[in-house]
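> This is what each chain is made of:
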Amino acid sequence: MPHPQTWMRVTPQGLYCVPGDFFIDPARAVPRAIVTHGHADHARPDHDHVLASDATLAIMRTRMGEGRAGRTQQVAPMGEVIHHNGVDIRLVPAGHVLGSCQVVLDWQGSRIVISGDYKRRPDPTCLPFEPVTCDVFVTEATFGLPVFRHPDPADEIARLLHSLRLFPDRAHLIGAYALGKAQRLIALLRQAGWDRPIFLHGALLALCGLYEGFGVKLGPLEPVPLPQKRGAGGLLAGEVVLAPPGAEATAWVRRLADPVICAASGWMRVRQRAKARGVELPLILSDHADWDELLATTAEVQAPEIWVTHGRDDALVHALALRGIKGRALYLLGRGEEDEEPAAEPVAEASA
Amino acid sequence: MSLPAFATLLERLTFTPGRNAKLALLREWFATQPDPDRGIGLAALTGELVFRAAKPGMVRELVAARSDPVLFALSYDYVGDLAETVALIWPARAGINAPPPGLAEVVEAMEATPKAELPALIAGWLDALDANGRLALIKLVTGGLRVGVSARLAKTALADWAGQEVAEVEEVWHGLAPPYLDLFAWLEKQGPRPSAEDRPVFRPLMLAHPLEAPDYAGISGATHRAEWKWDGIRVQLCAAPSGRALFSRGAEEISGGFPEILEAMDFHAVLDGELLVMRANGEGIEVAPFADLQQRLNRKLVSAKMQAAYPIGVRLYDILFDGAEDLRALPFDARRARLEAWFARTRPARMDLSEVIPFTELTELELLRAGARAAAIEGLMLKRADSPYLAGRQKGAWWKWKRAPLGIDAVLMYAQRGHGKRSSFYSDFTFGLWRPDGEGGRELVPVGKAYSGYTDQELLWIDRWIRNNTTARFGPVREVAKSLVLEVIFDAAQRSGRHKSGVALRFPRIARLRTDKPVEEADELATLEALIVGEEA
Chain A
5 MPHPQTWMRV
15 TPQGLYCVPG
25 DFFIDPARAV
35 PRAIVTHGHA
45 DHARPDHDHV
55 LASDATLAIM
65 RTRMGEGRAG
75 RTQQVAPMGE
85 VIHHNGVDIR
95 LVPAGHVLGS
105 CQVVLDWQGS
115 RIVISGDYKR
125 RPDPTCLPFE
135 PVTCDVFVTE
145 ATFGLPVFRH
155 PDPADEIARL
165 LHSLRLFPDR
175 AHLIGAYALG
185 KAQRLIALLR
195 QAGWDRPIFL
205 HGALLALCGL
215 YEGFGVKLGP
225 LEPVPLPQKR
235 GAGGLLAGEV
245 VLAPPGAEAT
255 AWVRRLADPV
265 ICAASGWMRV
275 RQRAKARGVE
285 LPLILSDHAD
295 WDELLATTAE
305 VQAPEIWVTH
315 GRDDALVHAL
325 ALRGIKGRAL
335 YLLGRGEEDE
345 EPAAEPVAEA
355 SA
Chain B
148 MSLPAFATLL
158 ERLTFTPGRN
168 AKLALLREWF
178 ATQPDPDRGI
188 GLAALTGELV
198 FRAAKPGMVR
208 ELVAARSDPV
218 LFALSYDYVG
228 DLAETVALIW
238 PARAGINAPP
248 PGLAEVVEAM
258 EATPKAELPA
268 LIAGWLDALD
278 ANGRLALIKL
288 VTGGLRVGVS
298 ARLAKTALAD
308 WAGQEVAEVE
318 EVWHGLAPPY
328 LDLFAWLEKQ
338 GPRPSAEDRP
348 VFRPLMLAHP
358 LEAPDYAGIS
368 GATHRAEWKW
378 DGIRVQLCAA
388 PSGRALFSRG
398 AEEISGGFPE
408 ILEAMDFHAV
418 LDGELLVMRA
428 NGEGIEVAPF
438 ADLQQRLNRK
448 LVSAKMQAAY
458 PIGVRLYDIL
468 FDGAEDLRAL
478 PFDARRARLE
488 AWFARTRPAR
498 MDLSEVIPFT
508 ELTELELLRA
518 GARAAAIEGL
528 MLKRADSPYL
538 AGRQKGAWWK
548 WKRAPLGIDA
558 VLMYAQRGHG
568 KRSSFYSDFT
578 FGLWRPDGEG
588 GRELVPVGKA
598 YSGYTDQELL
608 WIDRWIRNNT
618 TARFGPVREV
628 AKSLVLEVIF
638 DAAQRSGRHK
648 SGVALRFPRI
658 ARLRTDKPVE
668 EADELATLEA
678 LIVGEEA
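In order, the protein sequences belong to chains A and B.
Residues in the first sequence are numbered consecutively from 5, following our numbering.
Residues in the second sequence are numbered consecutively from 148, following our numbering.
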C-alpha cells in the first residue's frame, strides 16, 4: 500500500493528487479542481473543470457569476463514487455550510480524507459531518487552541433574545458571513421561536434566496429599508438585522435605531477580539470544529497520521503527539481568509 | 444561580459603551436578583467590596495542574490575559453536577476559609461554572474586576429603578455597607430611610451652569458674588466625631491619596472647596498648574517625597454643615459669613478661603477675567447672593464663566473610529503642528487629540473627508492626507515629557474646520510653545 505522501503533494496551488491529476481547493485557477465548499478561500474562480456538490456549484455561480465558476462543472452526487484515472473520488458531508463536503480519495488501497472546513454541531441548514476511517485525515485547525470551546448555540441565541427584550427601542445588528453563518443564525432564531421578519443587508439577500431554493426554510426575510431621507436614522427598533462583518463601521448603519452591535463568530470567545471590533454583544457561534471536536474527530477517523491545512497547527500537532498520533502542518497558502476576522472593511454602499 | 447571572452582567457591562444601556443593565440586576447577592454584586462593581483576595499565582498553579504546559503557553500568548486564559482553558470534568456558587457564598467563603484550603475551594467552584462564570469568579476572587461602573452610575441606576432622586440615594449612601440590605429595603418601600447622622457621608454638590452672553444682563454686584474659578479638583471635606473623609465631585472617596488633608481635618464640619497644589512663594501662596496636581491623583498610597514635592491644600468656598448644624438652606451670603467665622475660629492647616472679588458691573469682571493669565485660574464663578445650597445644577443660581480659550490652527493627521453611537464615524482626531525637520524643511508633529467641539453636520463632513483621503490604516486608526486644517481650542498648554511634541493641551476641542486655509499656513509648534503657562516671553 503506497503511503499517502507518495500520491498527495503540497504545491503552491494547494493539495495535488498525483495519479488523478487534480487539485483540491486550489488557491489559483487550475485545469482540474475538486472544491469542498463555497467559501472564497476554498472556491476560487476560473478553473477549467470543477467537481463539487450541486449546492457548492450553485453557490460558486452566485458568488462569481456564471462565466467564472469553472469552464465545465461536474456535479458529484453526495456519497457516490466517481472513478478517475484509477482514483476513487467520493464526497461526504462536512457539516460546515450548505453543500460542504469532505473529499474521500482511494488509490491502490490507500485512503486520504480531505475534510475542508467542518463542524460537529447540529446545523439545520446543512447535512451533518460524516466520519470516514482513513490512512490520512486532512483537517483544518481554525480554532486549534484549547481556549476555543464553543458554547451551546441555543444559549447564544437566548442571550440575543434577552438583549432584544432588554433594549426594545434599539435595532440589533448582527455581523455574520453571507455564506453559512447568516443562514444558520436565521434558522437558530426560528428554532428559538423568533417568527418576526429578519432584516437583511443587501449583501446577504442572494445567498439566503439560494438556500431557500435548496429547501432550507428561513421564514420571512426583508431587505433593510432605505432611510426616509439621507442621513436619517431610527429604523428597525426591536428588530434583528443581519449584515456582513464590518458593515457596522460604514455609513450604511446610521439608518438603524441606536443599534446594538452584535457579531456571530467563534472568535468572539476571546474578549480582546470582540473589544477590538467594538462589538457590544458578542455571540459565540462558529461553523468550525472547536478544540474538543478537532481532537474527537481526529480520533474517530482512526487515521495514524493527521495533516493540518491551516489555523493553529502548532497546538493541534502538539496535542496529537501527546496522543501518539503523527501530525504534520501543511502550511497551505491563502487559507483562512473567510474565517479569519477581517479588518473592518467598508461594505460597498451599492449593495445596501 | 447568582454567580452565572453576575457573570452575564459583567460581560455585558464590559462590552457596552453607552451610559443608558449600562443603566438598563444595572436596573435589571437590582430588579431580578435576590438579597444579599444584588448588594454584593453592586459593591463588587463599584469597588466597595472588601475581602481577602486570592493571588493570581494561586490560580496559575491550579491551571498548571490541569493543563499541558505547551498548550497553556500557546493559549496565554494568544489570549493575552491570565484570568481569561484560565477561564477558557479550564477543562470540564465529567460527572460534576454541583450547582454554581452564589455571590454571597463566594465572598463569605473567601473570608472564612483557611488559606491552605483556598485552592481546593476555588478549583471546586471553577469546576461548577461555565467559561463566563469562571472568568467572573477569577476576576472577583483576585480583586481584578474593572468594568467601568462608577459609584455615580450605580447610584443613578438605583435611583431610576426605585423612582427616587439621585441626591436622595447619595445622602444615605456613605453610611451604608455591602450588601446594603437597608438601602434596598428603603428603595423598595419595605423599610425606613437609612440614617446618615454623624457619619462622614457625602452630600450632593451644588453645580454651576456656563455663563453665556444672553445671561450677562442678569448679573450685577447687587445680586451676585464673584470668586476665581481654580483649576484643581472639586472636593468635599467631611469631618465628624465618628470619622473623616475626602470626597471627589463624583462622590468617590479619595481620602487615601491625601493623608495630609485628612490630618488637617481636625474639626466637625462639611466643607466645599478646591483641591490644589499650593506652594509658598515669599509673600503668599501660589497655586500650581493642574499638571502638578495630576501627579497626586489616582494614587491609593502617597510617599513622603510626593507629599513634599506636590504640597496639597484646599481653597474653601462653602460650608454645608457647622458641627451637626445643616446650613444648606441659608442664603449664600449667610453661609459665607458662617464660613469666615468658622475659619477664623478653627484656623485649619493646609486650607485657606476663596477670595470674594468685589464688583459692581459685569464689565469690570470682564476685564479681570481677560487679564487673568495665572496658570491655575480657569475663569470666574458667579453665585447668587441669596441662593441656598442645592443639589445639582440649579439654573440661574451659580454660574461658571471660563476664560476665553486659546487656539491654534492645526493639521489633521490621524483619525480613529468612535465607540457606541459613533462607531460608524471617524470622530477622534489627532492633529499636529509644523516644526523644523533639521534638514532645512518642515515636518508635522502631533500635539493632541480631540473628539468634541464639532457639530453633527461637521462630523458627517469630516467623516466623509477622512474616508476619501485615507493614506494608511492601522487597525481602527486611519492616517490621512495632510491637507485639512482644524481650528483647535483648549484651556491651557503645559509642558509634557510624555508627548512627542513636548506639549500637552488641556481640554482640546475642534472649534472650526478651516477648509479655506492652506495647510502650509497652519501654526508652528513654536506658536503653541509660546502659550505654555508660566513661560510667556
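A portion of the hints provided could be inaccurate.
What the hints assert, rightly or not - Straight-line C-alpha distance at most 25 angstroms; calculated SDA-like pairs for lysine to any residue:
#1 Lys-330/A / Val-217/B
#2 Lys-279/A / Gly-194/B
#3 Lys-547/B / Tyr-561/B
#4 Lys-629/B / Tyr-601/B
No lab work stands behind these hints: they were computed from the structure.
> Taking the hints in turn, state whether each one holds.
Status of the hints after comparison with the structure:
no.: 1; hint: Lys-330/A / Val-217/B; in the structure: holds, 17 angstroms
no.: 2; hint: Lys-279/A / Gly-194/B; in the structure: holds, 23 angstroms
no.: 3; hint: Lys-547/B / Tyr-561/B; in the structure: violated, 33 angstroms
no.: 4; hint: Lys-629/B / Tyr-601/B; in the structure: holds, 19 angstroms
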